[in-house]
Amino acid sequence: GENVEQHPSTLSVQEGDSAVIKCTYSDSASNYFPWYKQELGKGPQLIIDIRSNVGEKKDQRIAVTLNKTAKHFSLHITETQPEDSAVYFCAASINDYKLSFGAGTTVTVRA
Amino acid sequence: EPEVTQTPSHQVTQMGQEVILRCVPISNHLYFYWYRQILGQKVEFLVSFYNNEISEKSEIFDDQFSVERPDGSNFTLKIRSTKLEDSAMYFCASSEDRGRAEQYFGPGTRLTVT
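First to last, the sequence lines map onto chains A and B. In terms of this note's numbering, the first sequence is residues 629 to 739. In terms of this note's numbering, the second sequence is residues 296 to 409.
Warning: the hint list may mix true and false statements.
Under the rule of at most 27 Å between Cα atoms (straight-line distance), these lysine-lysine pairs were calculated in the DSS-like manner [stated by the list, open to error]:
no.	chain 1	residue 1	chain 2	residue 2
1	B	Lys352	A	Lys665
2	B	Lys337	A	Lys696
3	A	Lys696	A	Lys650
Across the chosen pairs, the derived CB separations fall in these ranges [claimed, not checked]:
no.	chain 1	residue 1	chain 2	residue 2	range
4	A	Lys699	B	Ile355	17 to 27 Å
5	A	Glu667	B	Asp392	22 to 32 Å
6	B	Arg317	A	Glu707	36 to 46 Å
7	B	Glu298	A	Gly629	40 to 50 Å
8	B	Arg375	A	Lys686	20 to 30 Å
9	A	Gln673	B	Thr409	26 to 36 Å
10	A	Lys686	B	Glu296	40 to 50 Å
11	A	Gln642	B	Ser322	37 to 47 Å
12	B	Glu296	A	Ser640	40 to 50 Å
13	A	Pro710	B	Pro297	39 to 49 Å
14	B	Lys378	A	Arg738	37 to 47 Å
15	B	Met310	A	Val682	41 to 51 Å
16	A	Gln642	B	Glu397	12 to 22 Å
Since the hints were made in silico from the structure, they are not lab data. Source: prediction; values computed, not measured. For every residue, glycine included, the Cβ atom is placed at its ideal position computed from N, Cα and C.
Chain B with its partners taken away, still in its complex shape (with noise of 0.2 Å):
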C-alpha cells in the first residue's frame, strides 16, 4: 500500500541554524501539506501546496517557513532561523485532489531545538 515518507525520523538542532525536513507524498497525490504538533497539543495547520503554489497558509508559517518541491516526488519545509518553540513533530500529508479530501500522513519527523 502506498504510504507518505518523512525523513529525519528525528532532527536535533541549534537555536538560530535553518533545517530542512524532507518528505516523499504518495505517488499520484497532488495536493501537499505540513502539519505540527507541539508536545501536548493539537495537531496544527502549517500550509497547503498545490500545482507549485501555496494555496492556503496558516499564521504559524511566517517568513521563517518555506515550502518546496525540487522535483518529482520530494517535498519539503525549510525552517530558516530556528526558535525553541518551532520544536514539535512535523507532520507531512498528501491527498489526491480537491475532490478527493483524503489525507494521508507521513510518519511525523521529530525536531527538537535546543
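So here's chain A without its partners, still in its complex pose (with noise of 0.2 Å):
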C-alpha cells in the first residue's frame, strides 16, 4: 500500500521567517495530496490540496508544489504567525477514498 514519509517532524521558526514541511510517497498512481493542519484539541483541518495534474497551488500565505517524477511534495508557509503553531499532516490518495497520512510535524513560531 501507499507510505507517506513527512520530515521534519518538528519546526521551530521565528515570527515572520517561512516553513517548509516535505512528504514522499511510494506509490505513483497516487493523484490527491491534502494538507491538514491540526490544533490541540481538534481534528485535522483541511487547508489546501493539490491533484496530480498540478505542478503547484497557492493560497494566500501557504502554497503546495509537487514533484510527481520525484514523489515528492511539499508545503510552503510564509510569512509565519503565531497561530500557524500546530501539527500539519500531509496525505496521499490513489481512489480518492482512502487518505495515507504521514506522521505529522509539529510547528512552532517563536514570537
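Bring the two chains, given one by one in their own frames, into a single complex with the hints.
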C-alpha cells in the first residue's frame, strides 16, 4: 500500500520567517495530496490540496508544490504567525477514498 | 460553517466490552470515513462508506468492527469486543462526492480500553 514519509517531525521558526514541510510517497498511482492542520483538541482541518495534474497551488500565505517524477510534495508557509503553530499532516490518495497520512510535523512559531 | 461532530469526546471502556462511536457528518455529504490514531503513530484509514455500503476497508477493519448509518444523519462505528490495542483517537470524516475528494474531519473520540 501507499507509504507517506514526512519531514521534519518538529520545526521551530521565528515569526515572519518561512516554514517548509516535505513529504514523499511510494505509489506512483497516487493523484490527490491534501495537507491538514491540527490544533490541540481538534480534528485535522484541510488547509490546501493539490492534484497530480498540477505542479503548484497557492492560497494566500500557504502553497503546495508537487514533483510527480520524484514522488514528493511540499508545504510552504510564508510570513509565519503565532496562529500557524500546530501539527501539520500531509496525505496521499490513489482513489479519493483512502487517505494515507504522514506522521505529522509539529510547527512552533516563536514570537 | 458546517462541521462534522462526534460523540462522545472521550470514552473509557473495559476490555471485551462493546463500544459505539457516533458521528454526524456534514449534511449534504455522501461519503463517510473512519480513521484512527494510536498515540504517537500516524493517522490510519479504517473504512469508507457510501450508499449504505462499505466502499473500502483496511486490514485493521476486521470482524470486530462494523459501521452503520442508522438514520439520515448519524454514522456509527461499533467495536464488538474491545482490546487494549483499540485505545486510540477515532476520527470521523465526510466528503461531498467522489469528484470532490476533500475530506472534512470531526474533532475525534478518544477511546481508552482498560
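Outcome of the hint check:
1. B:Lys352 x A:Lys665: Within the cut-off at roughly 25 Å; holds.
2. B:Lys337 x A:Lys696: holds (23 Å)
3. A:Lys696 x A:Lys650: Given that 27 Å is the threshold and the Cα spacing comes to 14 Å, the pair holds.
4. A:Lys699 x B:Ile355: 17 to 27 Å: Since Lys699 of chain A and Ile355 of chain B have Cβ atoms about 25 Å apart, the given range 17 to 27 Å holds.
5. A:Glu667 x B:Asp392: 22 to 32 Å: Given a distance of about 28 Å, which is inside 22 to 32 Å, the answer is holds.
6. B:Arg317 x A:Glu707: 36 to 46 Å: Holds, since Arg317 of chain B and Glu707 of chain A (Cβ atoms, about 40 Å apart) stay within the stated range.
7. B:Glu298 x A:Gly629: 40 to 50 Å: Taking Cβ atoms as reference, Glu298 of chain B and Gly629 of chain A lie about 29 Å apart, which means the hint is violated.
8. B:Arg375 x A:Lys686: 20 to 30 Å: violated (47 Å)
9. A:Gln673 x B:Thr409: 26 to 36 Å: For Gln673 of chain A and Thr409 of chain B the Cβ distance comes to about 31 Å; the hint holds.
10. A:Lys686 x B:Glu296: 40 to 50 Å: Violated, since Lys686 of chain A and Glu296 of chain B (Cβ atoms, about 22 Å apart) do not stay within the stated range.
11. A:Gln642 x B:Ser322: 37 to 47 Å: Between Gln642 of chain A and Ser322 of chain B, where Cβ atoms are some 42 Å apart, the hint holds.
12. B:Glu296 x A:Ser640: 40 to 50 Å: violated (31 Å)
13. A:Pro710 x B:Pro297: 39 to 49 Å: violated (28 Å)
14. B:Lys378 x A:Arg738: 37 to 47 Å: Check passed, 42 Å falls within 37 to 47 Å.
15. B:Met310 x A:Val682: 41 to 51 Å: holds (47 Å)
16. A:Gln642 x B:Glu397: 12 to 22 Å: violated (32 Å)
Violated hints for the displayed structure, listed by number in ascending order: 7, 8, 10, 12, 13 and 16.
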